[in-house]
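The listed protein sequences derive, respectively, from chains X and B. Under the working numbering, the first residue of the first sequence is numbered 1, with each subsequent residue one higher. Under the working numbering, the first residue of the second sequence is numbered 1, with each subsequent residue one higher.
Errors might be hidden in some of the hints.
Said to hold, decoys possible - If the Cβ cut is set under 8 angstroms, some of the chain B residues that face chain X in the computed set are:
| # | residue |
| --- | --- |
| 1 | Asp4 |
| 2 | Lys9 |
| 3 | Val11 |
| 4 | Leu25 |
| 5 | Gly32 |
| 6 | Leu58 |
| 7 | Pro133 |
| 8 | Val137 |
| 9 | Ser178 |
Stated by the list, open to error - DEER-style ranges, computed between Cβ atoms:
| # | chain 1 | residue 1 | chain 2 | residue 2 | range |
| --- | --- | --- | --- | --- | --- |
| 10 | X | Leu28 | B | His79 | 35 to 41 angstroms |
| 11 | B | Gly10 | X | Arg107 | 48 to 54 angstroms |
| 12 | X | Ala42 | B | Leu185 | 53 to 59 angstroms |
| 13 | X | Leu146 | B | Pro81 | 28 to 34 angstroms |
| 14 | X | Arg123 | B | Glu52 | 43 to 49 angstroms |
| 15 | B | Pro81 | X | Pro25 | 38 to 44 angstroms |
These are calculated hints, taken from the structure and not from any lab test. Even for Gly, the Cβ is constructed at its ideal location relative to N, Cα and C.
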Amino acid sequence: MKKPARVFPAPGDLAVLVERPGGLPRGLAIAQGQLRLDEQRAPALAMIGGLIETLGDLAARQPAPAHLPEMRRTCDRVIALAALYGLDALAEAGRMLCDLLLALEARQTVHGEAIAVHVRALRLLGGDASDASQVLDELGRVQSHLREGGAPQ
Amino acid sequence: MTRDRMNLKGVRTLLVDADAFGASLMTQMLHGLGLDNLEIASSGSEAQKHVEAGAHDLCLCDADLPDMPAPALVQWVRHLPTQARFLPMLVLTGYSDFRNVTAFRDAGAHLVMKKPASPQALYDRIAWVARPPRAFVECESYIGPDRRFRSVGPPGGVPRRATDLSSEIGVATEPNLSQDEIDSLMRPMRIVT
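Just chain B, same shape as in the assembly:
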């Protein structure tokens, strides 16, 4: 998703990166993008202290932490009893860590991004994370943002209920509605008689 303009000034951001040079590069880039309220943690435990000490609007977390696996940090945040558990978390992985993308997703990360984190990629990913908040899911096996983006029907082996909609919707016979047409359907209008 691209966004024409974002106001990142004052957005309280926690950057977790054990690599001092990587963190300094990231800081420079984020300042360039307009993000001026940045706290830096160089380990998972330091990040935990920052999260406990103050409210943040966004967390950018490197996947390679010296003292704990990054999914454990994400999971720790998600299990907090405070509002901090809703913290939008963007995990940045190196080439080899990206194979663990499902671990980060299952821990409750909002987004996993493979490096290099170019200014453009960072801007667009932050814009994506900053969309109107995604629904949050809390269940026994998962706490985090709702990962469902499309309806894929019931899982394998689960029969359709009589009340389920048919999966056969056929081929489109007319062109798609334009956004204006969709908007006009949603807009309440007074009926003049």
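Isolated chain X (complex conformation):
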């Protein structure tokens, strides 16, 4: 016989704890968090550069389908860090590479050239984002080409 569902108030202190007197006003807490984040900007940018190099190394080694999840996870980290530090074009290029890697993973295939183009775009945008819209347009064109039958081999 099926066990009946139980719905009951969950015990827990968190709601009470955050209501205690004291603490920080929202604006101040967020400003302090942002300040701490800003202090880590230089190491974060260095980390992004390192992650892009890792992606470049993986792409240069003729990746197999088994390498795609690792590349995607690395790309996820680039996106998260870039978006956190306002590097929007870099984050967008990262999302495009992630979409490509997800599509390749689903098909269990690899398209080395398309991956390499995206990694080059990440390198470009990681250094200088002045031509960002043009670079992103070009990546969009690569993706449209792949969608329209330029299927990865």
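We have chain X already, so just place chain B on it with the hints.
Relative to the frame of chain X, chain B by itself:
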């Protein structure tokens, strides 16, 4: 939900993140927000040890764990025989992991948040998780916070019972009640005769 003020001092928080740099950034941000009682686990199994060893008020868990899928960790917590199974869990996903949002939800996570976890987003999500506790549901297929936020009527194919309220409530004919008016309806008052 935004909250004007929160006291996060002493809130026992478990941060699960395999990425050392990501964990250090998160730690910095959380300290900035006022959260000073932080334990860090770098894998799912390490997180399990922390949960078994001590009580926590909040868990922030990265979706990408090296040794187990994050939904498995959430599910493990929910099946504990101790009070730890009620631990509020906020899962942080990367761009590509967010497509698995239903897996985290079905495992019993309180909230799934897509990175980047900016200080503002983190503050507001923690405030949301820290609302007065949501009801908890325990049934064969699910253990976790009640996911129902609105009444959507009976599921497809289930007929309405005679005692169910009508789904036709018509168009509002008067403006909504203000919060004060609602409060006054709830407040018990002595009737003076």
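Outcome of the hint check:
no.: 1; hint: Asp4; in the structure: holds (6 angstroms)
no.: 2; hint: Lys9; in the structure: holds (7 angstroms)
no.: 3; hint: Val11; in the structure: holds (5 angstroms)
no.: 4; hint: Leu25; in the structure: holds (6 angstroms)
no.: 5; hint: Gly32; in the structure: holds (4 angstroms)
no.: 6; hint: Leu58; in the structure: holds (6 angstroms)
no.: 7; hint: Pro133; in the structure: holds (4 angstroms)
no.: 8; hint: Val137; in the structure: holds (5 angstroms)
no.: 9; hint: Ser178; in the structure: violated (24 angstroms)
no.: 10; hint: X:Leu28 with B:His79: 35 to 41 angstroms; in the structure: holds (39 angstroms)
no.: 11; hint: B:Gly10 with X:Arg107: 48 to 54 angstroms; in the structure: holds (50 angstroms)
no.: 12; hint: X:Ala42 with B:Leu185: 53 to 59 angstroms; in the structure: holds (57 angstroms)
no.: 13; hint: X:Leu146 with B:Pro81: 28 to 34 angstroms; in the structure: violated (51 angstroms)
no.: 14; hint: X:Arg123 with B:Glu52: 43 to 49 angstroms; in the structure: holds (45 angstroms)
no.: 15; hint: B:Pro81 with X:Pro25: 38 to 44 angstroms; in the structure: holds (40 angstroms)
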